[in-house]
Each structure stands twice: as C-alpha cells, then as structure tokens.
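2 protein chains.
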Amino acid sequence: MTGTLSPGISESSATLELASLLEPVSAEMKLVEEWLRSNLIDDSQFVASLLSQVFKAGGKRIRPGLVLLSSRATAPGFGELTPRHIILAVLTELIHTASLVHDDVIDKSSLRRGQETVNRKWNDKLAVLVGDLLFAQASICLARLMNPAIVGIYGQVLGDLCAGEIKQMNQQYVCAVDWDGYIYKSVCKTASLFSAGCHSGPILNGCGDEVVSALKDYGTNLGICFQVVDDLLDVTATASDLGKPAGGDLAQGLLTAPALFVLQREDEPARRLAELIKTRAVCREDGIAEALQLIKDNGGTDSTIALARKYAQQSREALRGLPASTYRDSLESIVDVMLIRTR
Amino acid sequence: MTGTLSPGISESSATLELASLLEPVSAEMKLVEEWLRSNLIDDSQFVASLLSQVFKAGGKRIRPGLVLLSSRATAPGFGELTPRHIILAVLTELIHTASLVHDDVIDKSSLRRGQETVNRKWNDKLAVLVGDLLFAQASICLARLMNPAIVGIYGQVLGDLCAGEIKQMNQQYVCAVDWDGYIYKSVCKTASLFSAGCHSGPILNGCGDEVVSALKDYGTNLGICFQVVDDLLDVTATASDLGKPAGGDLAQGLLTAPALFVLQREDEPARRLAELIKTRAVCREDGIAEALQLIKDNGGTDSTIALARKYAQQSREALRGLPASTYRDSLESIVDVMLIRTR
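Chains as they are written, first to last, in our numbering: chain A, 1 to 343; chain B, 344 to 686.
Take these hints with a grain of salt, some might be off.
As the list claims (entries may be wrong) - In silico lysine to aspartate or glutamate, EDC-like type, Cα no more than 16 Å apart, as pairs:
hint: 1; chain 1: A; residue 1: Lys56; chain 2: A; residue 2: Glu116
hint: 2; chain 1: B; residue 1: Lys468; chain 2: A; residue 2: Asp107
hint: 3; chain 1: A; residue 1: Lys310; chain 2: A; residue 2: Asp336
hint: 4; chain 1: B; residue 1: Lys510; chain 2: B; residue 2: Asp521
hint: 5; chain 1: B; residue 1: Lys653; chain 2: B; residue 2: Asp560
hint: 6; chain 1: A; residue 1: Lys125; chain 2: B; residue 2: Glu360
hint: 7; chain 1: B; residue 1: Lys451; chain 2: A; residue 2: Asp124
hint: 8; chain 1: A; residue 1: Lys167; chain 2: A; residue 2: Asp103
hint: 9; chain 1: A; residue 1: Lys125; chain 2: A; residue 2: Asp107
hint: 10; chain 1: B; residue 1: Lys399; chain 2: B; residue 2: Glu376
hint: 11; chain 1: B; residue 1: Lys468; chain 2: A; residue 2: Asp103
hint: 12; chain 1: A; residue 1: Lys125; chain 2: B; residue 2: Asp450
hint: 13; chain 1: A; residue 1: Lys125; chain 2: B; residue 2: Asp467
hint: 14; chain 1: A; residue 1: Lys108; chain 2: B; residue 2: Glu376
hint: 15; chain 1: B; residue 1: Lys403; chain 2: B; residue 2: Glu360
hint: 16; chain 1: B; residue 1: Lys468; chain 2: A; residue 2: Asp286
Keep in mind the hints are simulated off the structure, nothing from the lab. For clarity, every value in this text was computed on a predicted model and none was experimentally measured.
Okay, chain A solo, but in the shape it has when bound (with noise of 0.2 Å):
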C-alpha cells in the first residue's frame, strides 16, 4: 500500500481506494445502505425528504466499514455475519451523521461535504430535529442489540461526542498548547465512535479480552489518526477539496495540532500566530490567509504529518496479534488510506 502514499493523490482517489478495501464486506455494505434509505420509522414525506437529503450527502461511510470488517476479521472461521452486526454498523453511522447534523448547527456551517447543510436548506429547527430523530434511531438499534457491555460502550460515545464539543466551545481562542486537551477531544469527537464501532463487533462474536482489546486499540488509533488528518487538511487543503471553506477551525478559534505545533515553538512566528487568534483578526480574510501561511512557513503541517503517521503506526501495530485474512488486510491498508488524504 505504500506505492500510494506518492505526492499528488487528492481526497477522491482516497476514497476510491476506501471503496476497494470495503469490497471484502460489499454484499454487508448493500444491506446497512438499505437499511439507511428504508428501515428509519418515519411515515411523513417530508421527513423522508430530510433523512435522504442528509444521507445523499454521502460521505464514504468509513465507520459501518470497519464495524463490517473487524466484525468479519475475528468471525468464527471468518463465517458470515449477523443481523445484530449490521445494526451495529447501522448506529455507528446514524450516530455519526446525527452528530454531524447538529455540529452544522453548533457550528453554523452552511457546506457538508460540498452540499447544503440542514441548517442552510432549512433552518435550525429542523436541524436539531433531524439530529435528533437519528440519535433516537440510533437508540433503538442499541436497545436491540440486547449487550449490555455494547450499551455502556455506546453511551460512553454519546456522553464522549457531548463531552469533546462543550470543551472544544470552552476554550475557543484560547492559545495555551495542551497537547492532553487536544487528544482528549480528538478521542471524544472522533477516535471514541471508531474504537466502539472497531472492538464491538468482536464482542458480538464472543471474542476473549486480548482480540476484544486489539480491536479496541486499533480504533482509538485510528481515530485520533483520521482527526489530526482532518486537522491538517483544514490548513492544506482548498475549499473545493474540503468542500467547505478553509482554515474554517482556526477562524473559529479552534486550535487544532497544525497550529500548536507552531505556538509551542514560542519564537517569533509563534507569538505573531497567537496575536492573530487572540485578536480575532484571523476571522477575517486577509488574517486567517495570514495565520495559515505562518503555520505551513513555520514547521506546522510537517509535524502534523508526523503526529498523523505516529498514530498509523499505532493502529497497524494493534492488529499484528490477528489471524491473517482479507478483512485484517483491509483494516491495515484502511490505515494507509488515512494518510493518502495528507497528500
């Protein structure tokens, strides 16, 4: 997987590669997708309206994959799975999207994934509503699961996504480097739902400690991972790439590891780059320009990279204790995939 870590390889040639490494588990994939377009309660139109709106936005549908795959990867035998391992993949996404729909609304984004928000389509309102008929929907499948240590896993996600977001509000604009906080919410925002949709699956397949374990490893790592990606590509990337506009998180005042990095560095650049924040001069135009320039000059990418594939490395490593098959395959190369996007 190596050969496509060459330079150049943009976000879609991520996502095709995605694409291949979910083919092991493509026929599960067709039926979380039905499940998505048909199975949420609703008889009214307009809310179907809704739902297809948020789930046409797409997305690559990362975290039902790696549900599907490690579910698959510790299966006795590698056999088929359940429908219990579907839902599973099913609430992992809807809790994602649902958290997705009211961060757009926290956040007042107008753009997702290159399309209208709910909140710009419509308004707010409906907004928190959709949010949170597909937390509801989320809910249900949980209770279906009948796991009580998948139910408690699955809160701890609930309570982590509430958890990382009000810190993240708290300290907006505040240029301390605390390199805790910042994987702390890294883990409450994204790494905790991966960890949970990665070790779930083998605790429906009554796996022991040290597989259950392995898998759990292997998702926080990849999550924090996949986030400081994110990260860096809210500096690097362009607004048609992100398919909202850049250096959005920094404008809010959200100090991600791009720019810590620099402020740690408590020279010159640092102390121009924390004026920028603390004046708010990097919510306009000319001072965000201003403030991305200093950290891409000044070290800031380059070390996010390496903090990036610190993590990679972190996530292969948990996998190595696995049996070897077509689903551990694709869960190592879904790592390397993470790191095309730096590209």
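Dock chain B against the given chain A, drawing on the hints supplied.
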C-alpha cells in the same frame, strides 16, 4: 376530589395536590431524584453545573410519578418495585427534559418554569449539546432495561416527539381548522410519552394485555388532556403563573384548541381572528391582546375546558378494570389535578 375543582385554585395548589398524590411512591420518587442529581455520566464541573441548572428548574416530576404509580398499581400483590422500574421512571423524565431543552432552542424561549433557559443563560450551542447529553442518558437507561417491547415503545416516543414538532413547524400561521391534526400533534408532543410511561411498568410486571392496554389508554387520554389544558393556559393564564409570556403559542402561529374553537365558527370573530393570525398581527402586543380577548369572548376557553374534561373522563374510565388500591386512587386523582389547572 371534585371539591378541589372549585374556582380560584391556582397552578401552585395543583402542584401541592400532585405532591400528596405521589406520597404512596415517595420512597421511589426519592431514588429517581437521586439518580437525576448524581448518576448522570460526566466528570466535568461545567457540565455538572449545566445539568444541575436544568434539573433545578425542576418541574412537577409528573411523568416519573405516573410510571411509579402505574407500576405499583399493577405489581403482583402491589409489591415493591425493582431497580428497573426506577430506571424506567428516570428515563421518562430524561426524555421529557431533553425535549424541553431542545424545544427552548427551537422556540427561542428565554424563560421556562420562571427560570432562564439554557439557550438564554448560555447559548443555543450548549443547549443543543445538553439536550443531546440527556437523550444519550435516556438511551443508555432504555437499553439497560433489556426489554424489546419497551424499546419499541420508547423508540416510537422519540420519533413522535420529532414528528410532532416538525408537523407543528410546517403549519405555523395556517388557519385551516384541522382537529385530527391538532390531536395528532398533542399525541406526538405529549401523550405518547405519558402513555409509554404508564404502560411500560405493567409490561415489566408481566401483566396481561388487558391491564397493559388499560394503562396505555389511561396515559394517552391523560396526556391529551394535559396538552389541551396547557394550550388553554397559554390563553388564560398570566405571565407570572406560566413562568413565560402568555399567548406565546398564538404569537408563534401555533393554532391550538382555544383558537380552533373560535375559527370553526366561521362568523365575524372567526374572520377577525384568522386575519390577526394571517397578517402576523399576533406577533405584536396589541394584536395578541386582541386575539386572546376574541378567544375568551367567543367561547374558545369554555369549549377547551369541555374538551379537556372529555379526555379526563376517558382517562378515568380506562382505570375501571384495575383492582382497587391506593396507587389506583392516586392515578384517578391525578386526572382531577390536571383539571384544577383549568380554574
């Protein structure tokens, strides 16, 4: 209990009356209260203070009270309840509270029960997150019950809450008289959760269909009665009684029973009321005052009281088949407490 229906009895005497009716389950109510104050997952001081603000605003805890009374009224030998009944009561209150927090964002309300709302005291973002956190807690409770029937019932409730709000939002300032639509919205917004709370306890108790269905009917009718009375109070009560401005529903173009009774007359007052609504005159102080007066002068409040009494009666009748007990007595008397509020 009819003695308590004398005129001049206020909302606060209804609250006192309710407290005495919950006396037979006071030990269980204390456990619910403890759970709400201490058992919500979050180690952050800030989130703890947010949740305490939400629960300090209090409310009458009528829903957990109904869960406990209907559970006890149908328990074998009226025996003690289990921890699962407490969780059922807690989750019912959590869903109610979460929906209030999100409703306040949706309606841009600044007062609730005489206290500042989360969206007013902090901001919309936090209110969305706090609501999500409460829904998340409710989901965990629901899943912990490990009962597929109850999961289905509460899943429907969560869907109904969203569907009711969405329907309401789509019909603002629409003056067509649609009684079915009004009752449907009342079921979605209020009666669905009342009904779930009242018949899930009997399901946990392993009661037969007849008892379960009796308590379901009791809860549905009581819930509609509760909503009709709430809609009446929006027209008749003072701002200080309500803890929020009077006429708020109508000002937002939400047509409820008192207005519908006038609009269906199709006479001059009906025409004038429709005009005040369609021209958005109800959004101004003079317009809303004229509309409220029109409703009071043209039978809107009297007919609404009669409608509330009809559902109250149906609610009482549903209890007929239950064996006599202090718990059944309380359930019956709670119906009267609903009506006290109309005076």
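Task: 16 Å Cα cutoff - pair Lys468 of chain B, Asp103 of chain A - done: holds (9 Å)
- [ ] Take a quick look at whether Lys468 of chain B and Asp286 of chain A sit within 16 Å of each other, Cα to Cα.
- [x] violated (27 Å)
Open item on the list: Please verify whether Lys108 of chain A and Glu376 of chain B have alpha carbons no more than 16 Å apart.
Closed with: violated (36 Å)
Task: 16 Å limit on alpha-carbon distance, applied to hinted pair Lys56 of chain A and Glu116 of chain A - done: Within the cut-off at roughly 11 Å; holds.
TODO: Assess, step by step, whether the Cα of Lys125 of chain A is no farther than 16 Å from the Cα of Asp467 of chain B, and give holds or violated.
DONE: Holds: Lys125 of chain A and Asp467 of chain B sit about 11 Å apart, inside 16 Å.
Task: Hinted pair Lys399 of chain B and Glu376 of chain B, Cα distance within 16 Å - done: Holds - the C-alpha atoms of Glu376 of chain B and Lys399 of chain B are around 11 Å apart, at most 16 Å.
- [ ] Below or equal to 16 Å on CA atoms is what counts here, so check Lys653 of chain B against Asp560 of chain B.
- [x] Holds, at roughly 14 Å.
Open item on the list: Next pair to validate is Lys403 of chain B with Glu360 of chain B; report whether the Cα-Cα distance is within 16 Å.
Closed with: Holds, at roughly 11 Å.
Task: Pair hint Lys125 of chain A and Glu360 of chain B, alpha-carbon separation not exceeding 16 Å - done: violated (36 Å)
Open item on the list: With the threshold set at 16 Å, check whether the alpha-carbon distance from Lys510 of chain B to Asp521 of chain B stays at or below it.
Closed with: holds (12 Å)
- [ ] With a cut-off of 16 Å on the C-alpha distance, tell me whether Lys167 of chain A and Asp103 of chain A pass.
- [x] holds (14 Å)
Open item on the list: Check the hint pairing Lys125 of chain A with Asp107 of chain A against an upper bound of 16 Å on the C-alpha distance.
Closed with: At roughly 14 Å apart (the allowed maximum being 16 Å), Asp107 of chain A and Lys125 of chain A satisfy the hint.
The structure fails to meet hints 6, 14 and 16 from the earlier list, while all remaining hints are met.
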